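K.L.:
So you can see what is in the structure, the chains are spelled out below.
There are 2 protein chains.
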Amino acid sequence: MKIDGTHYRTIWQDDAGVVQVIDQRWLPHELRIVPLKTRADFAVAIRDMWVRGAPLIGAAAAWGVAVAMQEDPSDAGLSETWQVLNETRPTAINLRWALDEMERVLRPLAPSERAAAAAKRASDICDEDVEINRNIGLHGLDIIKQIAAKKPGQTVNILTHCNAGWLATVDWGTATSPIYHAHEAGIPVHVFVDETRPRNQGAQLTAWELNHHGIPHSLIVDNAGGHLMQHGEVDMVIVGTDRTTARGDVCNKIGTYLKALAAKANGVPFYVALPSPTIDWRVDDGVKEIPIEERNQEEVTLVQGRGADGQIALVQISPDGTPARNPAFDVTPAELVTGLLTERGLCPADTTEMEKMFSDLKAAMLAD
Amino acid sequence: MKIDGTHYRTIWQDDAGVVQVIDQRWLPHELRIVPLKTRADFAVAIRDMWVRGAPLIGAAAAWGVAVAMQEDPSDAGLSETWQVLNETRPTAINLRWALDEMERVLRPLAPSERAAAAAKRASDICDEDVEINRNIGLHGLDIIKQIAAKKPGQTVNILTHCNAGWLATVDWGTATSPIYHAHEAGIPVHVFVDETRPRNQGAQLTAWELNHHGIPHSLIVDNAGGHLMQHGEVDMVIVGTDRTTARGDVCNKIGTYLKALAAKANGVPFYVALPSPTIDWRVDDGVKEIPIEERNQEEVTLVQGRGADGQIALVQISPDGTPARNPAFDVTPAELVTGLLTERGLCPADTTEMEKMFSDLKAAMLAD
Numbered sequence: 000m001k002i003d004g005t006h007y008r009t010i011w012q013d014d015a016g017v018v019q020v021i022d023q024r025w026l027p028h029e030l031r032i033v034p035l036k037t038r039a040d041f042a043v044a045i046r047d048m049w050v051r052g053a054p055l056i057g058a059a060a061a062w063g064v065a066v067a068m069q070e071d072p073s074d075a076g077l078s079e080t081w082q083v084l085n086e087t088r089p090t091a092i093n094l095r096w097a098l099d100e101m102e103r104v105l106r107p108l109a110p111s112e113r114a115a116a117a118a119k120r121a122s123d124i125c126d127e128d129v130e131i132n133r134n135i136g137l138h139g140l141d142i143i144k145q146i147a148a149k150k151p152g153q154t155v156n157i158l159t160h161c162n163a164g165w166l167a168t169v170d171w172g173t174a175t176s177p178i179y180h181a182h183e184a185g186i187p188v189h190v191f192v193d194e195t196r197p198r199n200q201g202a203q204l205t206a207w208e209l210n211h212h213g214i215p216h217s218l219i220v221d222n223a224g225g226h227l228m229q230h231g232e233v234d235m236v237i238v239g240t241d242r243t244t245a246r247g248d249v250c251n252k253i254g255t256y257l258k259a260l261a262a263k264a265n266g267v268p269f270y271v272a273l274p275s276p277t278i279d280w281r282v283d284d285g286v287k288e289i290p291i292e293e294r295n296q297e298e299v300t301l302v303q304g305r306g307a308d309g310q311i312a313l314v315q316i317s318p319d320g321t322p323a324r325n326p327a328f329d330v331t332p333a334e335l336v337t338g339l340l341t342e343r344g345l346c347p348a349d350t351t352e353m354e355k356m357f358s359d360l361k362a363a364m365l366a367d
Numbered sequence: 000m001k002i003d004g005t006h007y008r009t010i011w012q013d014d015a016g017v018v019q020v021i022d023q024r025w026l027p028h029e030l031r032i033v034p035l036k037t038r039a040d041f042a043v044a045i046r047d048m049w050v051r052g053a054p055l056i057g058a059a060a061a062w063g064v065a066v067a068m069q070e071d072p073s074d075a076g077l078s079e080t081w082q083v084l085n086e087t088r089p090t091a092i093n094l095r096w097a098l099d100e101m102e103r104v105l106r107p108l109a110p111s112e113r114a115a116a117a118a119k120r121a122s123d124i125c126d127e128d129v130e131i132n133r134n135i136g137l138h139g140l141d142i143i144k145q146i147a148a149k150k151p152g153q154t155v156n157i158l159t160h161c162n163a164g165w166l167a168t169v170d171w172g173t174a175t176s177p178i179y180h181a182h183e184a185g186i187p188v189h190v191f192v193d194e195t196r197p198r199n200q201g202a203q204l205t206a207w208e209l210n211h212h213g214i215p216h217s218l219i220v221d222n223a224g225g226h227l228m229q230h231g232e233v234d235m236v237i238v239g240t241d242r243t244t245a246r247g248d249v250c251n252k253i254g255t256y257l258k259a260l261a262a263k264a265n266g267v268p269f270y271v272a273l274p275s276p277t278i279d280w281r282v283d284d285g286v287k288e289i290p291i292e293e294r295n296q297e298e299v300t301l302v303q304g305r306g307a308d309g310q311i312a313l314v315q316i317s318p319d320g321t322p323a324r325n326p327a328f329d330v331t332p333a334e335l336v337t338g339l340l341t342e343r344g345l346c347p348a349d350t351t352e353m354e355k356m357f358s359d360l361k362a363a364m365l366a367d
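Residue numbers (numbering that gives the first Met the number 0), protein chains in the order written: chain Y, 0 to 367; chain F, 0 to 367.
Some hints here could point you the wrong way.
Treat identical chains as interchangeable: a pair holds within one or across any two.
[As the list claims (entries may be wrong)] Listed next, the in silico DSS-like pairs over lysine-lysine satisfying Cα-Cα at most 27 Å (straight line):
1) Lys287 with Lys263
2) Lys287 with Lys149
3) Lys150 with Lys287
4) Lys263 with Lys144
5) Lys36 with Lys144
6) Lys355 with Lys144
7) Lys1 with Lys144
8) Lys1 with Lys36
9) Lys263 with Lys355
The set of hints was computed from the structure by calculation and includes no laboratory data.
Treat the numbers as computed from the prediction; the structure is a model and nothing was measured.
The following block holds chain Y by itself, in its conformation from the complex (with noise of 0.2 Å):
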């Protein structure tokens, strides 16, 4: 999307062919792009997280194989990359079939060939991902047009968690991409963005990505959602997801199923927006199956922020001595959820409409 006018990607080509990423560990104070040459600047990009997002991390780590093909594109070294990158972010999903799609495609080419092959996919890894967005875009753009109609000349009002932008993604973002597209199409709009403590990722990049983008937005603590909703300043929810199963229990960042019972409470829409590969079908009930992440204590008692000389400083907002807990995501039971908005187009957080639209899916991973 526009950074001040001008269009960019989280990663790209430049002129040269050399890659180009933003390195988000400086936002939302400084805009730093750096390129990115060997494969061990991709390692330390996706291990230190100037990268982050599941479909940005993917990205990366394609073109991380490229580059490293022009280095070494040896059977050793293929295998070798693939080991070296895929240890960066161990548990990142995206990660790992970004690798392993990438191996499938070079394995069978003459190493000579790898090189121009690897760049060409990893160039369509980031079309497609941002593909994927465009239409998870339209598909929401539907629904905040029937909003907007009922509310003629008005701003619709979205709330959102978390970052699901197009920082987390090549472009678009998952969440913010009706936003945008409701945007462009000229409707009035304007976001509720939820800091989304500990990591602050909502102030941090949501709200720089709006603000840069020039989309009217108010950043809010993680406690005032169910206030605004109460009193009808909510229009809609929308969020991404970390992980969504088979009967549309929705894996997020923690504090999204509060988010979502308030939604319910006040008649407000609950959507939740993702590419429908990264539905698990071997998973059913959310809340029961899925294992959530406690993180590091010093998430919760250090906040990082800008301080008054300019610089990046860490505060501490608790006493010496008292413990933290973590727990870095929550579910959300689908029957909070008003639809999952998927590039496909919107289904019901129900097994059996999931079933129905993307039948095909669901085999292909029961198959793996």
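Once you've looked at the hints, dock chain F against the given chain Y.
P.N.:
Positioned in the frame of chain Y, the structure of chain F alone reads:
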């Protein structure tokens, strides 16, 4: 309650007759106890929030009048004191109440009698607050005992939001009083402390209280409570309230409503602790009738904590140019409230039951 083994109140007269308070601006990083020796000292301490929390503000105002009567006990001095102290926090109901109460007691007396009478009444106001909160705690203890009886030998897990602790009162606190009583009774308790953005009173005050009194607790982000309740990790919720209506709608710190929704959805009892004289019988439908204060954007965009250099610092978490919305309170509808925990006992959040238990208070308020 205790600070590292020694019992404290938030405001007290030392052996030399000087009023001492905890200057709460430095918590949780530093315990500073300061004397308030003049009316001007009290005005600054209340206005600049060295002391905060409705009951404590009332107690401090009463002591402020007492000290002022040592300086100038004349009729004019009494009038001026009411004026000066009332302007320190003009919207604080307990402040106004305490000033009116001191006026009521002192005005009929000869100036020469006022200093002694004022000190007596200020001291009594403090003791009355302690007694109310002690009784809230004893009634709450009964509930905790019932929960403990159902899980013998196991810890009772209690979630609280914001600070309705002893630091907001003279002693015991409201929502924390049952917890301190249970701890004293030898019942194993553990408290999930919501950090309570934007001002982090949970992280800064409640965690500090529990930490120094020696009660097991875990700090959590405001997003985490729903997930914990969904997984059976919370046995009960206890919160305080800024304003409770005649039918039991509860106005409290922003985010309380989201926790009440999660409690209801997961069968977790949700209690509100309050001195019964604070029920506002002139208001019925809290969501419709109670105007919600919107506070400074900077409370959302800037976070205060202790920097690496040990100094208190503010860091900005969001991009320059991103606006924030900052509603400070929300209203939890009565149907989400399991019960009101008062010094007279537990009362259902229901018009009829409340009128039955507090008919005298209702009549007195409506007669005003």
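K.L.:
For lysine 287 vs lysine 263, is the C-alpha pair at or below 27 Å within one copy, between two copies, both, or neither?
P.N.:
Intra 21 Å, inter 19 Å, cutoff 27 Å: intra and inter.
K.L.:
How would you classify lysine 355 and lysine 144 at a CA-CA limit of 27 Å: within, between, both, or neither?
P.N.:
within (26 Å within a copy, 51 Å between copies)
K.L.:
I want to check one pair: lysine 287 and lysine 149. Are their C-alpha atoms no more than 27 Å apart within a copy, between two copies, both, or neither?
P.N.:
Classified as between; 24 Å across copies, 39 Å inside a copy.
K.L.:
Under a CA distance limit of 27 Å, which applies to lysine 263 and lysine 355: within one copy, between copies, both, or neither?
P.N.:
So lysine 263 and lysine 355 pass the 27 Å test inside one copy only (25 Å; across, 34 Å).
K.L.:
Check lysine 1 against lysine 144 for me: Cα-Cα at most 27 Å, and say if that holds within a copy, between copies, both or neither.
P.N.:
Within one copy only: 22 Å inside, 59 Å across.
K.L.:
27 Å Cα cut-off: does lysine 1 pair with lysine 36 within a copy, between copies, both or neither?
P.N.:
within (25 Å within a copy, 60 Å between copies)
K.L.:
Indicate which option fits the pair lysine 263, lysine 144 if close means a Cα-Cα distance not exceeding 27 Å: within, between, both or neither.
P.N.:
Classified as within; 21 Å inside a copy, 34 Å across copies.
K.L.:
Given identical chains, is lysine 150 near lysine 287, meaning Cα to Cα at most 27 Å, within a copy, between copies, both, or neither?
P.N.:
Between copies, since 22 Å is at most 27 Å while 40 Å is not.
K.L.:
For the identical chains here, do lysine 36 and lysine 144 meet the 27 Å Cα criterion within one copy, between copies, both, or neither?
P.N.:
Neither, since 44 Å and 64 Å both go past 27 Å.
Going down the numbered hints, you'll see the structure goes against just number 5.
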